[in-house]
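Each chain, written out:
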Amino acid sequence: MNIYKHEFKMNVRSVITWSVSLTLLLLVFMSIFTSFAKDAELLTKTLAQMPEQLLVAFGLTGLDLSTVLGYYSFIFLFCQICLAIQAANYGFSLVSVEERDMTADFLLAKPVSRTHILTSKLLAALTSLTITNLVVWAASFVCINLFRDGRTYDTKILFMLLLSIVVFQLFFLSVGIFVSLLMKRVRSVTSASMALAFGMYILSAFGGMLGGDSLDVITPFKHFEPKYIVANGAYDTPLVLLNVAVIVLAVVGSYVLYGRRNIHTAV
Amino acid sequence: MSIIEVNHLSKYYGKAKARGIVDVSFNVEEGEIFGFIGPNGAGKSTTIRLFLSLIYPSSGEAKIFGKDCIQYGPEIRQDIGYLPSEVFYYEGMKVLDLLKYSASFYHKDCSKRLHELAELMELDLTRRIDDLSYGNKKKVGIVQGLLHQPKLIVLDEPTSGLDPLMQRKFFNLIREENERGATIFFSSHILGEVQKMCNRVAIIKEGSIINIQDIKTLQKDNYKKIRVAGNGLDEARFAVEGVNNLEREDGAISFFFKGDINMMMRLLSEQEVADVTIEEPTLEEIFMHYYE
Numbered sequence: 001m002n003i004y005k006h007e008f009k010m011n012v013r014s015v016i017t018w019s020v021s022l023t024l025l026l027l028v029f030m031s032i033f034t035s036f037a038k039d040a041e042l043l044t045k046t047l048a049q050m051p052e053q054l055l056v057a058f059g060l061t062g063l064d065l066s067t068v069l070g071y072y073s074f075i076f077l078f079c080q081i082c083l084a085i086q087a088a089n090y091g092f093s094l095v096s097v098e099e100r101d102m103t104a105d106f107l108l109a110k111p112v113s114r115t116h117i118l119t120s121k122l123l124a125a126l127t128s129l130t131i132t133n134l135v136v137w138a139a140s141f142v143c144i145n146l147f148r149d150g151r152t153y154d155t156k157i158l159f160m161l162l163l164s165i166v167v168f169q170l171f172f173l174s175v176g177i178f179v180s181l182l183m184k185r186v187r188s189v190t191s192a193s194m195a196l197a198f199g200m201y202i203l204s205a206f207g208g209m210l211g212g213d214s215l216d217v218i219t220p221f222k223h224f225e226p227k228y229i230v231a232n233g234a235y236d237t238p239l240v241l242l243n244v245a246v247i248v249l250a251v252v253g254s255y256v257l258y259g260r261r262n263i264h265t266a267v
Numbered sequence: 268m269s270i271i272e273v274n275h276l277s278k279y280y281g282k283a284k285a286r287g288i289v290d291v292s293f294n295v296e297e298g299e300i301f302g303f304i305g306p307n308g309a310g311k312s313t314t315i316r317l318f319l320s321l322i323y324p325s326s327g328e329a330k331i332f333g334k335d336c337i338q339y340g341p342e343i344r345q346d347i348g349y350l351p352s353e354v355f356y357y358e359g360m361k362v363l364d365l366l367k368y369s370a371s372f373y374h375k376d377c378s379k380r381l382h383e384l385a386e387l388m389e390l391d392l393t394r395r396i397d398d399l400s401y402g403n404k405k406k407v408g409i410v411q412g413l414l415h416q417p418k419l420i421v422l423d424e425p426t427s428g429l430d431p432l433m434q435r436k437f438f439n440l441i442r443e444e445n446e447r448g449a450t451i452f453f454s455s456h457i458l459g460e461v462q463k464m465c466n467r468v469a470i471i472k473e474g475s476i477i478n479i480q481d482i483k484t485l486q487k488d489n490y491k492k493i494r495v496a497g498n499g500l501d502e503a504r505f506a507v508e509g510v511n512n513l514e515r516e517d518g519a520i521s522f523f524f525k526g527d528i529n530m531m532m533r534l535l536s537e538q539e540v541a542d543v544t545i546e547e548p549t550l551e552e553i554f555m556h557y558y559e
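The listed protein sequences derive, respectively, from chains A and B. Sequential numbering of the first sequence, starting at 1, is according to this note's numbering. Sequential numbering of the second sequence, starting at 268, is according to this note's numbering.
Same shape as in the complex, but just chain A (with noise of 0.2 Å):
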């Protein structure tokens, strides 16, 4: 309990910050909802008019911008990549950073063992994300009842899309730690999980541009694609089962590299 504390004093200021950001984002886009959807004919007819390219990179296709899940989708997307941003720099800092500032040598000196340590550290990451998760709930209901105008929605698949952020989190914690575990040291942790981040989102982005299948089935930005969700009121089931066997894999392997890890000092 002790080490789960520390851990979650440690991650407060970065929740905050975090919470607040997605907070000011969702405020931000939603509020500018009603002037989009009043002109969203006009907007249907300039969009048309840029390269498909574009519109394919930045999600802009097959969305009705001038409903209130259409719109609400185009800015979760957005959600998303922050979401990921967050969970992945905590995955990739959650190890390492005690390595790299060798309080590591601290910790593990301790009457503790390696299982309940990564145990503890996990727990305290998955609070700090569930609370980052429970303030986008809070925003998203609040910034679409304060801006809808009148306009209706389908609640159940305002849920299916706020829902599937806790596994589209696991992911990148997950991932970010496996991977962090493989190196034998993160040189930086912002630009691992930037890269880790945006990455998965360019593939997602540049796979739907280039039109093939084979991209779509590593990233969790087409495992939960908001367009999806809302166009077919359900999950592509197969793409969420597959996200889940590598969130079990990589939380499985972190544990097993980590009971072997060998802890270097600084040189």
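There's no promise every hint is true.
Straight-line C-alpha distance at most 25 Å; calculated DSS-like pairs for lysine-lysine [stated by the list, open to error]: (1) B:Lys379 - A:Lys5; (2) A:Lys9 - B:Lys367; (3) B:Lys375 - A:Lys9.
Treat the hints as calculated values from the structure; they're not laboratory data. This structure is a prediction, so every number in the text was calculated from the model and none was measured.
We have chain A; now place chain B onto it with these hints.
Chain B alone, transformed into the frame defined by chain A:
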């Protein structure tokens, strides 16, 4: 009972099989202050990190309190106090918070000892760790390593960064802990402090133990450092068995001697000397001998 038992312990790093330590074996008995000396890169820290299962051995085993270091790691670390050579602690934390965090890992109430130690080492508990000087961080390390009154104290180059006054306090503290019953494993490249503190000493060179000896035996029974001054000394007369490192400076000869001291006395009496000194070599000089 042996507190530490090391059997044919080896560690190679990475794919390149870089040498850490090679086939190291020794025992540390209960209540000992055991010195572990060697230059940087000899494998001192590697050995210690293997004790704490921070790293895993390539072959061989180490037992502490009769239990395997890896299998019973968490259990044995309950009674180990470790002071790493480089101390860095979570930034942004206050000294007291860190020490409390450290204490929270042990199944006993450490708060009284924590404050005692902090007072003794003149450590300000209210300061942030980031603001501390290197020496003060080292003090945090000392308090953190000793607050749970461990049965085995592992010190890795403990005195770097401490001023002489603090070093003395620290050594007194370690002696007190030893009198209380704690076994001390003291790794250092500073021979003087090992000489002052330890009962036995292991010398490690390029990953292998080259000698384990009682510190008194090491100093007394082996070598005498002899310096003879005088005009017209016959250097060749001293080239006998047991004489090492014979050096001639103007009007004086100095060398190390191991063997029958009476024979040496007779040899000296043949000479017309102005001055003779016979003294114990320092550990430093013995050590250099092993490193030739």
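Okay, the hints, checked on the actual structure:
1. B:Lys379 - A:Lys5: 23 Å, holds
2. A:Lys9 - B:Lys367: Roughly 14 Å separates the two Cα atoms, so the pair holds.
3. B:Lys375 - A:Lys9: Holds. Lys375 (chain B) to Lys9 (chain A) sits at ~24 Å (cutoff 25 Å).
When held up to the earlier numbered hints, the structure conflicts with none and fits them all.
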